[in-house]
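**Q** Sequence:
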Amino acid sequence: MIAARPAMYQNEEFILGNASLHLQLSTALEVMTQIICNASHPPSAAQLAESLELSVRYLRKLLRALTAGGLLKPHEAHQDCWICTRAPHAISLADIYHCLDTVREESAAPFVAPPQTDAVTSSADLLMMQATVSINQIVLQHLQRFDLGRLKAAESAMLFTASLREKARALSGAMAS
Numbered sequence: 001m002i003a004a005r006p007a008m009y010q011n012e013e014f015i016l017g018n019a020s021l022h023l024q025l026s027t028a029l030e031v032m033t034q035i036i037c038n039a040s041h042p043p044s045a046a047q048l049a050e051s052l053e054l055s056v057r058y059l060r061k062l063l064r065a066l067t068a069g070g071l072l073k074p075h076e077a078h079q080d081c082w083i084c085t086r087a088p089h090a091i092s093l094a095d096i097y098h099c100l101d102t103v104r105e106e107s108a109a110p111f112v113a114p115p116q117t118d119a120v121t122s123s124a125d126l127l128m129m130q131a132t133v134s135i136n137q138i139v140l141q142h143l144q145r146f147d148l149g150r151l152k153a154a155e156s157a158m159l160f161t162a163s164l165r166e167k168a169r170a171l172s173g174a175m176a177s
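Start counting the sequence shown at 1; every next residue gets the next number (the working numbering).
Just so you know, the hints here were simulated from the structure itself, not pulled from any lab data.
Among the hints, a few may not be true.
Here are the simulated lysine-lysine pairs, BS3-like style, with alpha carbons at most 25 Å apart [to be verified]:
| hint | residue 1 | residue 2 |
| --- | --- | --- |
| 1 | Lys73 | Lys61 |
| 2 | Lys73 | Lys152 |
| 3 | Lys167 | Lys152 |
The following label-pair restraints were derived from C-beta to C-beta distances [claimed, not checked]:
| hint | residue 1 | residue 2 | range |
| --- | --- | --- | --- |
| 4 | Lys61 | Ala168 | 40 to 48 Å |
| 5 | Ser40 | Ala90 | 30 to 38 Å |
| 6 | Leu171 | Val56 | 41 to 49 Å |
Beta carbons: idealized from backbone N, C-alpha and C, even for Gly.
All chains should be modelled from the sequences, with the hints used to inform the complete structure.
**A** If you want it as structure tokens, here you go:
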């Protein structure tokens with residue numbers, strides 16, 4: 001059980017045309033975001049699961065995938081916590097995707113040859129496979145352009161904006177008095 005996702009994640013646009021992989025990538029990105037933004041006080045697996053509304057079992061599966069892919073490692077001082085192995089700007093969305101894809105390939109069912117089909121169906125299947133491979137390569141090139149260093153910049157901008165709002169409220173409160 002993954003848990004219900006907030007409405008903002010329930011859309012029809014999926015990376016790589018796969019709803020499951022899209023959800024895994026989005027969730028893994030949320031996990032990485034929480035770990036990066038809370039680097040000074042790393043959250044435990046239970047805290048991450050609660051804040052992201054995930055089952056602890058599913059979260060641990062993601063953490064194992066990200067650790068096996070070299071993006072995370074267990075925190076030395078805090079039990080059941082993880083830290084990034086690289087600076088946020090050195091981790092791209094493609095890196096996260098590769099961690100998930102490796103686990104997905106390892107857990108895939110063994111290959112079973114499809115039943116024999118006619119030449120027209122085989123040609124159509126081959127064309128779809130070629131198109132899918134080409135699309136996936138383009139998507140991966142775009143994912144490599146987005147690194148997690150953008151998270152820190154976005155967090156700083158949000159804190160700055162919140163600070164400005166607070167000052168504006170204080171000023172308008174002082175003027176009303």
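**Q** Please go over all the hints and tell whether each is borne out by the structure.
**A** Results for each hint:
Using a Cα cut-off of 25 Å, the hinted pair Lys73 and Lys61 holds, with the two alpha carbons roughly 14 Å apart. Note on Lys73 and Lys152: the hinted pairing holds, with a Cα-Cα distance of about 20 Å set against a maximum of 25 Å. A C-alpha spacing of about 23 Å is found between Lys167 and Lys152, which places the hinted pair at or below 25 Å, so the restraint holds. Checked against the hint of 40 to 48 Å, the C-beta distance between Lys61 and Ala168 comes to roughly 44 Å, which is consistent with it.
For the pair Ser40 and Ala90, the supplied restraint of 30 to 38 Å is violated, since their beta-carbon distance comes to about 19 Å. At roughly 45 Å, the beta-carbon separation of Leu171 and Val56 lies within the given 41 to 49 Å, and the hint holds.
When held up to the earlier numbered hints, the structure conflicts with hint 5 and nothing else.
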